[in-house]
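Going by my numbering, the sequence shown opens with residue 204, and the numbers climb by one from there.
Be a bit skeptical, because a hint or two may be false.
For lysine to aspartate or glutamate, the following DMTMM-like pairs were computed, each having C-alpha atoms within a straight-line distance of at most 20 Å [said to hold, decoys possible]: (1) Lys264 - Glu326; (2) Lys254 - Glu295; (3) Lys264 - Glu253; (4) Lys264 - Glu295; (5) Lys254 - Glu309; (6) Lys254 - Asp320; (7) Lys357 - Glu341; (8) Lys264 - Glu306; (9) Lys254 - Asp303; (10) Lys357 - Glu326; (11) Lys264 - Glu360.
Quick list of the computed label-pair ranges, beta carbon to beta carbon [said to hold, decoys possible]: (12) Pro347 - Glu250: 33 to 41 Å; (13) Arg338 - Ser243: 26 to 34 Å; (14) Gly323 - Glu295: 18 to 26 Å; (15) Arg340 - Glu253: 24 to 32 Å; (16) Arg280 - Gly343: 35 to 43 Å; (17) Gly344 - Gly317: 12 to 20 Å; (18) Gly317 - Gly271: 21 to 29 Å; (19) Arg321 - Val299: 21 to 29 Å; (20) Glu326 - Pro279: 21 to 29 Å; (21) Ser243 - Glu341: 37 to 45 Å; (22) Glu250 - Val299: 13 to 21 Å; (23) Gly335 - Gly297: 27 to 35 Å; (24) Glu245 - Gly343: 36 to 44 Å.
Please keep in mind that the hints were generated in silico from the structure rather than gathered at the bench. Ideal Cβ positions, reconstructed from N, Cα and C, are used throughout, including at glycine.
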Amino acid sequence: MFGNVARVLSRIQEIERRFGACSPRQAGTRGMSSSPSPSSFEEVIAECAEKYGVSPALVRKLIQVESGGNPRAISPRGAMGLMQLMPETCRELGVVNPFDVRENIEGGVRYLRGLLDRFGNLELALAAYNAGPGRVREYGGVPPFKETREFIRKVLEG
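Work the whole structure out from these sequences, hints included.
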């Protein structure tokens, strides 16, 4: 189901880029502002970071690197929302609407906390966030993917 939603929303974004976007209210995304900034998510970030024992600065940086602060972002591979959750990850986390700011951040921070607990250090947790836990296990560390290494570098740079 999420795969179909991701494809439809990806197509909508492509059309908006080509022809100019209508306002989100006209596009049927009730209640969403057209270009929310990461600072507008600060309360949710702070709550979730505290709840899961993760640095709020890390969550902010992850959001910036993953989606540029766009709650409607969809990657070419189907990752959705601010923290770019994959459909399978959404199902595992019980995230029903990955485009809902609170639900996405809550799910993403909970997922990151689980990866930190599982892998024991931030670099491996970030590698797993980007490439998947299976890839980290398969390679016995950070996978040799340029995208994953760049992702880690961007999130960790100050």
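Going down the list of hints, with the structure as the test:
no. : hint                        : verdict
1   : Lys264 - Glu326             : 14 Å, holds
2   : Lys254 - Glu295             : 19 Å, holds
3   : Lys264 - Glu253             : 16 Å, holds
4   : Lys264 - Glu295             : 24 Å, violated
5   : Lys254 - Glu309             : 9 Å, holds
6   : Lys254 - Asp320             : 15 Å, holds
7   : Lys357 - Glu341             : 23 Å, violated
8   : Lys264 - Glu306             : 18 Å, holds
9   : Lys254 - Asp303             : 18 Å, holds
10  : Lys357 - Glu326             : 11 Å, holds
11  : Lys264 - Glu360             : 9 Å, holds
12  : Pro347 - Glu250: 33 to 41 Å : 36 Å, holds
13  : Arg338 - Ser243: 26 to 34 Å : 33 Å, holds
14  : Gly323 - Glu295: 18 to 26 Å : 20 Å, holds
15  : Arg340 - Glu253: 24 to 32 Å : 30 Å, holds
16  : Arg280 - Gly343: 35 to 43 Å : 24 Å, violated
17  : Gly344 - Gly317: 12 to 20 Å : 18 Å, holds
18  : Gly317 - Gly271: 21 to 29 Å : 24 Å, holds
19  : Arg321 - Val299: 21 to 29 Å : 24 Å, holds
20  : Glu326 - Pro279: 21 to 29 Å : 25 Å, holds
21  : Ser243 - Glu341: 37 to 45 Å : 38 Å, holds
22  : Glu250 - Val299: 13 to 21 Å : 19 Å, holds
23  : Gly335 - Gly297: 27 to 35 Å : 19 Å, violated
24  : Glu245 - Gly343: 36 to 44 Å : 37 Å, holds
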